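Participant: Knowing the structure of chain W, use the given hints to seat chain A on it.
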Amino acid sequence: MTLQLGEKHFSSAQPESAVRRIVTFKVGDRTFGIDVGMVREIKGWQATTPLPHAAPHVRGVLNLRGVILAVYDLRTSIGLGLTDATATHVIVVVDIEDKVAGLLVDSVSDIVDVPVSAVRPAPDLERDEHGLIEGLVLLDTDIVALLDLAAVIRDGGTEGAMAKAARAA
Amino acid sequence: MDPLAELKQTFFQECEELLGALEQKLQALDEGSTDPEDVNAAFRAIHSIKGGAGAFGCTELVAFAHVFEASLDHLRSGRVAIEDAPFSLFLRCSDAVADLVSAARNDEPALARPDLLEALERVGQAPKPAAAAPAAAPGPAKTEPAKTEAAKPAAARSAPAAADDAPPGIAALGNLLAMVEAKTGVTPARVDDGWDDEPAAVASAPADKPGRDLCLRISPESDLFRRVIEPRVVLGSLPAEDIVSVVCDLSQVPPLETLDVTDCHMRFVVTLRTELSVEDIYSRFDFTLAAEEFEIETLSPAAANDDAVSTEEAPARPEAEVSANVAADLSAILARLGPAPTSASEPDILPAAAPVAAPVQAVAEVAPAPSRAPAARAPANDAAAARQRQAVSVRVDLDRIDKLMNLVGEIVITQSMLVECVRSLPYDVHAKTAEGILTLSRQTRELQDHVMAVRAQPVKAVFQRMPRLVRELAQTLGKEVKLVLEGENTEVDKTIIEELADPLTHMIRNSMDHGLETPEDRIAAGKNPEGTIKLVAEHRAGRIVISVTDDGRGIGRDKLLAKAKSRGLVGQDEKLAPEEIDQLIFAAGLSTAEVISDVSGRGVGMDVVRRNVESLGGRISVDSEPGRGCKFTLALPLTLAVLEGMVIRCGDDRYVIPIASVIETQHLASTPIEHLTFGQEVLRWRGEVTPLHRLGAVMGSTGTPNENIIIIAETERGDNVGIAVDEIVGQQQVVVKSLEGNYGTVNGASAATILGDGLVALILDVDSMLRLAASSGRPSVPALKMAG
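Heads up: the protein sequence lines correspond to chains W and A, in order. Following the UniProt record's numbering, the numbering of the first sequence begins with 1 at its first residue and continues without gaps. Following the UniProt record's numbering, the numbering of the second sequence begins with 1 at its first residue and continues without gaps.
Honestly, the hints are just simulated from the structure, not real lab data. Values in this document were obtained by computation on a predicted structure and should not be read as measured data. Warning: the hint list may mix true and false statements.
[As the list claims (entries may be wrong)] Mimicking DSS-like on lysine-lysine, the simulated pairs with C-alpha atoms at most 27 Å apart in a straight line are:
no.	chain 1	residue 1	chain 2	residue 2
1	W	K99	A	K559
2	A	K559	A	K575
3	W	K43	A	K403
4	A	K460	A	K8
5	A	K527	A	K575
Chain A with its partners taken away, still in its complex shape:
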């Protein structure tokens, strides 16, 4: 794969994660969270998507994401209060972004969403005065017109997006160059006129504007552009009306012939007159720049109009009117920069008792650049390291993990082979070797557990697709639904994760379509018009248990039973317990929805779910309470890669039967066996007539079978069956190997495994084996209840 395509692939993978995060945060906000960090996270997610999309020329995606980002920015900046924001619109937009991403991924034409775009544009255009006023007016000196101007930048910023439709990366670079040209060689006072997206009214900060003067030195790492950040974004995160001057230092730009346009060589010096605290500025840059990429200096008011480059000496001039407020900020800076160089100055920073000159002195010691820089950088590096610690994760190709898993499987096999070899050694050699082998076994088991843990993924991967499904269905069905997710971080093997999506989708559809009532009906029933669906995952007894609970009307038993009777699934006069009726929902070809909708109702839902779940070695059940709701419970093994099995022998062949299928074992000799017609044998077991099959005959084993043992096994339907085998060899964990990969399906077996001696053994599938037995001319007898 060429590097670009590879990068693009990575981008799409990241998009999935980002979309998940975006949706999750928006959902949280929609549910009443007012945490600004949620807004920031959502903003960052969409911003990263936009950035990457720009780099790969996904124009539709960029355009949409841009507008989306702009409207989220209104929330971030406080122009729109979080409580007033239209999160349902945002959620639909996040769905639209997901669609655009998948369209871009599959090179399909993207669906334009003018309706959503328009709605997004409206966000923040007419901000409610009550919400906008406190947030948009940082200073008491601000006048009314300034406020309306403040709302503009984001709206104005969306205009260039439309012009971005040529390759956006290039366009951005062009903009930047134009900006830089405009900036350099212009006097600082005029500099702001060059900014195309800042209101002219605030171009030059009034000389008497309140606030402190700060000097910001921004020296981005050369990979700035590759992080999909442009200087405009960096500078745009400062309040435009506070910027006094921006000077771009191009001295680092190499000659044209050696210039790599993807490297950033620009340095900026920004002078600000602002009421923002240093902390605020840190947090504004938090998302675009690493801590070591910028420095903040406090200037004395007098220095503000000087050339920004010459401001280095400025802090050295002590000023009489440094307020306690500044002192507080300084202590904040110092706290950030770590212990002050001289411990003597430390107590002096306390704002209350501060002799006015002391804080300034402290700044003079810390701030003046180059000589002090290393001292100031060290803590900054600490901060960067801390940030790195938070995200120590590696992206690994699933293929590689699969290979690792295969290899571990091999080691497990080799190791059990060794165990068998060692047994045949003379005692004195054996004793020595056995110890080593024992250690090896333990380590191998541990290794296997760890590799399994690497493969394990939180069910979140599947759960996070569900909110969208619920939203869309709610719209189609005209129902109000709240989806509650619990235990999203429950981990299962990825083999199971892949198999979860379908059953969950079906179960949720079923609950929404059949379970939950319309808002009117709910009100009539005295319920909250908004229905609730709860999706819960948890570990229980070595399995993952997922339940879907709704508070709807429950299963309509009369209707279900009538339908089952009319289909002949239940005898006309048969009496069924309520729970038995509920289980009919899993019967094939039953659907109680009066109107066949495109959501569900073709009667292929729950029986397919049950079959799929059971083929994975899982179980599904339903509990229903009329009028109160319905709960589907799904229990699945934690992995499909290994299985606890009983190794049995029949003739010359060995088989593995999953322990999950085995109920008990008994001696053949002590079991009364009766013969029915056609050679069908039955045995009495716990008062029931249970069919008996001889494994050797069913599976066509080689050698002469001599059955001694009966294994009572359970079928998917819960019936019991006896399987006669020669011998139980042992019980062990086996690595499941597919037979389909290089061969095809094998009747009677679900897969194969490799035993300690390197030979292959088939893993029996009881149901498939019974079908095989039936098709070889042996009629199987259904379990009959014995009288008495």
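Same shape as in the complex, but just chain W:
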């Protein structure tokens, strides 16, 4: 229900008053956000099956009610190393480019409505060679970095990792 409401807001006719409804979550002390419409569900950490020679941020695959999906470690993607996943960690299941993927984060914080006009482009000083950050939103307490999910799961497939390994060799 909420998801659909969010999408309606997004496509409403008055752009200046349009809001984006954003799910925010934490990795370490950093706050990230994605559009609520992309979130399919949020579930606790469950063990994954590692994939051979996958990129480091690919934690492996898990079974979500019969659907097999890959889980990506956001902490690794942003260069902070592997998450030592425990039962308190959270997998955000997202729909992205016809695929279902899981995003491993520390915790989910909030759902906020942000006016579209309040989203600023990511500044260049951010060392973001992969283009993970789509924009920034200033909240009272935090800076929320809006993720470009396609970029987060890019290079996930073995092909990409193998190509990298080949280049390194």
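Facilitator: Frame of chain W; chain A shown alone:
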């Protein structure tokens, strides 16, 4: 999707089935069948296509189908003898219809086929007198001119088709209204003048025309138009020269404001003077009307000229000259209507001993409408029920079956999870639960089998595309080919069906291009100029085996070997057994055709086929006998949805290796292992040096591997390889889940499955695993033959 688009979709789906049926029937006829039912079935198929196409405004399709239908009608009516009919032309026309359907489906401009149309128009235009005479002249009183008239209606009927190019449904309705106006309020004797497509010569039946008078009451259900049948078609199935009068009863038509033009409210009363038996009339309506939609009454000759509506009383008047012939027909009616109301009258119907009045009495008891109607209807309903029983099938979206299959897969997983849970329970609880779990397992397995059976489709779906391919290729290559299909009803899972078309196409192309000789060469070789390709499907040992056999020249071994040598695939001095040479046909980049045609010959054929087949877990092989022919055999698993697998563990991870790949297992400790350079290990197995790979290292398993077991597995090329693993956990049927859907390809694995504890395990693909091992810097050693 809006309802119309949905309907249209259904129509196209039906078209595919109808086209299949059409082609199949025509093929049977072409091969010498003279069964009129085949002609009728073909006619019905094209008629249904035409009807649907009209409803959806596919004008080109309607126009073509119409002409096609008309020429098939010549066969149906016997104006053209089945033996003389040009079935090869009809087959090409059915291909053209298929093209038109797919053009309409994809909203592409349709290709007009004036050549075919013209050829079709010629069919039956100049019927051979010998063939036409007996069929077209039903009565001895018929004169010669009447015969030629009889041939006309179908030809004349094709004329309105050209006028139909505005939306055909509407046009048909317009025609109909005009007809109805013409009919009503006109005296029965003049009525026939209103028929635009009936020869005027037979408009009014001569009073002294032989035959019996019948009264037909046609009360179609209101959905007549939606079944794409128009009254003209219904009435057109009666011989025009036999119709005495047609009266349309419009009393059921509602006022304009509540009129739904898609409902049929018309009732017809037709008086006939005909020599057709009641049975004949039943069979003529069989295809347009349900049995309960019409009634047939026999009138006394005197009543024929009375107002048709008043004929109800007619049968009550006994007539002296009722012939034994009529009595026979009456017994037929009564047989159809079920047991006669009074058992006493039953013996009297026998034509031989019949007192003349008795049969008429019987009619009087059965026929007079409304009061007796329910009694007469009951058997008719039985007939309708019987018809329904014949076709109890439901059209189900494949998506839904897939979901069902997924769900069953889930249940299988949950159930094996339960089994594991129960094991850890204390004994007394365990014993009670175990029984229930056992029953559940059995039922789940059964459920899975049934769902798999629902998904199963006969290979016909693929086979029926092949005759067209063969026809077209035969024309391109100038060869005469007969295609024989066997085992079309062999069922396989739809996942396999989808994968069959390509390999089969390639194999048939190969046989036609390289295998079969030209007619001249065949005659020179003392063979039948017409080559034969046999396509056979059968179940064997839990697999589907499909073979393509031709009686051509076989594989040219010398040429093939020379080519392989020149390409460096075989050493110059190497000696190969004939069978080994034959297998070279699957090697990449080999084609022996001297002329590269657009049919085959680019050398990408059979090696691609082999690779595709093997990636599905299948095998392909070839047997050839020089001068006698060549046989390709394709063996595939029955499904790609489930797989019998061995669950193995390595470190902390579990994997599934398809049982089909496993040759044997043995203890690592008892196997002598030798080390080559770069850490490559080999073992001796059945006198061969077999490379050994440690699964944990290749797949990057987590935890510390402690290998105890060696699995000897077979690669696609038939080489053997040893895979060292920690433990064999068990053997079970696993549900195959794609990794590509939400992730991408995973090297070393073909797919994944979900084990009893809900965790994902990768399904290993031996060949892909070996490539992975090779790319991680470990050179793999080809299997060497040990000396001695």
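Participant: For each hint, tell me whether it holds in the structure or not.
Facilitator: Each hint tested on the structure:
Under the criterion of a C-alpha separation no larger than 27 Å, the hint pairing W/K99 with A/K559 is inconsistent with the structure, at around 50 Å. Proximity of A/K559 to A/K575 is assessed by CA-CA distance (about 15 Å); at most 27 Å being required, the pair is judged to hold. A hinted pair counts as satisfied when its Cα atoms are at most 27 Å apart, and W/K43 with A/K403 qualifies at roughly 23 Å. Between A/K460 and A/K8, the direct Cα distance comes to roughly 24 Å. Compliance with the 27 Å bound is thereby established for this hinted pair.
A threshold of 27 Å between alpha carbons decides the hint, and for A/K527 with A/K575 the separation of about 32 Å lies outside it, so the pair is violated.
In summary, the numbered hints that this structure violates are 1, 5.
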